[in-house]
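Peer 1: Given next are the chains, with one letter for each unit.
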Amino acid sequence: MKSYIVIVIPEGKAKDANADADKQDSGKTGKTFTVGLSPTGQLPITHRWCCWWMDKDTKFKEIKKDFKGKSDKDGDKHTDMVFDLSEGWTPESILEKVKLKTIQPEL
Amino acid sequence: MDRRDFLKKTVKSMFIFTGALWIPKTGILRPSIAANISMMGGGVSSAPWLPTDIAGCVLWVPSEYAFTDAGKTTPCGNNDLIYTGDDQSDGNNDATQATESKRLIYLTNQLDGYPAWRGDGVDDGLSCDALAPIFSGSDTPMTVFMIYKIITLESYGRFWGFSNIGVTVYEQFRIGAYSYNLFRHDGVAFVSELGTVQADTNWHYLILNFTGTTLTLRIDGVVDIDDVAFDVGVCTFTTFSFPDLGYPLNMDHAEMAIYNSSLSAGDMTLLETYATTKYPSLP
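From first to last, the protein sequence lines are chains A and B. The letter at position 6 of the first sequence is residue 6 when you use our numbering, and the numbering goes up by one with no holes. The letter at position 25 of the second sequence is residue 25 when you use our numbering, and the numbering goes up by one with no holes.
FYI, nobody ran anything at the bench for these hints, they're computed from the structure. Do not rely on the hints blindly, as some may be mistaken.
Below, a list of computed lysine-lysine pairs in the DSS-like style, where the Cα atoms sit at most 27 Å apart [what the hints assert, rightly or not]: (1) A:101 to A:15; (2) A:15 to A:64; (3) A:59 to B:72; (4) B:72 to B:149; (5) A:15 to A:65; (6) A:31 to B:72; (7) A:31 to A:101; (8) B:72 to A:2; (9) A:56 to A:2; (10) B:72 to A:23; (11) A:99 to A:15; (12) A:28 to A:64; (13) B:149 to A:15; (14) A:28 to B:72; (15) A:59 to A:15; (16) B:72 to A:101.
Could you put the whole structure together from the sequences, leaning on the hints where they help?
Peer 2: Take a look at the structure:
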C-alpha cells in the first residue's frame, strides 16, 4: 500500500537528511529536502520538509530507520518528524502541529 | 458485411464519436477536414488536429505520455511516480524530475477516461529548464495552455513558474491559484495582475497569452484578464517547472502546451475547441 509520507527536519540537519534520503531515492539527487519552513513564514529557513509517495510496507520501513530520530539507536539522529497522510494528517494540519509555516511568496 | 458497414465499424474502432466529431486517442480532426468527411462511409482518413499544429509550440505534454524512468522505456501505470513527461512537440523539451519525493503521481481515468498527473502541493513539480531561456528578454511573447484541476483552494501554490533561482535579484513570471495572480519581476520593476478568485475544485482549462507587453488570460473560454499592460525590463529566466517547484500547488494536470509566440484569437479558439472536444466534461 502506498501513501504520502511527510518528513520535517531542522535546517541544520538538511545535508545529512538528504544523504539518508538518497539511500531510498533511485534518483540520488541529494535534493529531497529543499522546501523551506519557518515559524513566521518569512526567511530565514529554520526547517525543511518533503512529501514522498512511497510503499508503506517496504520503503517507508527503511526510511523510518533513519528519520524516526528519537527511536533511533543513535538518539536524535535528525530530530525529525515523520507523518503518514493515510492516517489522517494533511500538510496543513502537520504545519499546525509543528508550528511552522511555508515561506510565503511576495503576493 | 457491405462496404458501408465495414467502414462504419473501422471508423468506430479508431475513433470516438462525441456528437460533433470523431476523436482519435489524442486530438480532434481538423475542423475544415472533418466537415468534409462522411461519418457513414466517406472513408477519408485524416491526421487529428493537435495543439502542435499551431506554430511556435515548444512543449506539449498530454497526460497520456508519462514514464517512470529517464529513458522513457516504462509507461506509467496507476499510482506510479512520473520521472518523465514526454514532450510531443518534437522539440525534445521533456519535463523531468529525478528526485523521487518531488515526482508527480500518475492517476488513471481522471478526466473523461484520460489520466492526470497529481502534485502534492508540498514539493512536487516537473522541471523543463531548457525552455526557460526562450522567454528571457524584455518583450518576449509566450502563450501557455493548460487543462487542470486545483485540489487545495486558497493556496499560494502556483501552476507554473519561470524564474532565475540563485540570483540576489530574482526574476519571475508565475501564475498562481490564489486569485490567478500573475506577476513578473526583473529585479527593478514589478507588475502583477489579479484575475478571478478560484472557487472550486473542478476541471478547467486556461490560456495565458502574453504579447510581450500585454497579457490576456482566458479561463474556460471566457476572458478573465483582457489585454492589460504587463511589461517590465529585461528578465533572464533559467528555470521552468510545473507546478512551480518554488511554490508547489496541490493540483491535477491533464495537459500543458507552451508556445514561443503570442497566439491569434483564432488559434486560441482552436485550442479551446480541442480541449472541450477531447474532454467533454470540461465547462
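Peer 1: Each hint should be assessed against the structure and marked as holding or not.
Peer 2: Hints, verified against the model:
no.	hint	in the structure
1	A:101 to A:15	holds, 21 Å
2	A:15 to A:64	holds, 17 Å
3	A:59 to B:72	holds, 23 Å
4	B:72 to B:149	holds, 26 Å
5	A:15 to A:65	holds, 17 Å
6	A:31 to B:72	holds, 22 Å
7	A:31 to A:101	holds, 20 Å
8	B:72 to A:2	holds, 23 Å
9	A:56 to A:2	holds, 6 Å
10	B:72 to A:23	holds, 23 Å
11	A:99 to A:15	holds, 22 Å
12	A:28 to A:64	holds, 18 Å
13	B:149 to A:15	violated, 35 Å
14	A:28 to B:72	holds, 18 Å
15	A:59 to A:15	holds, 20 Å
16	B:72 to A:101	violated, 37 Å
Hint violations for this structure: numbers 13, 16, all remaining hints satisfied.
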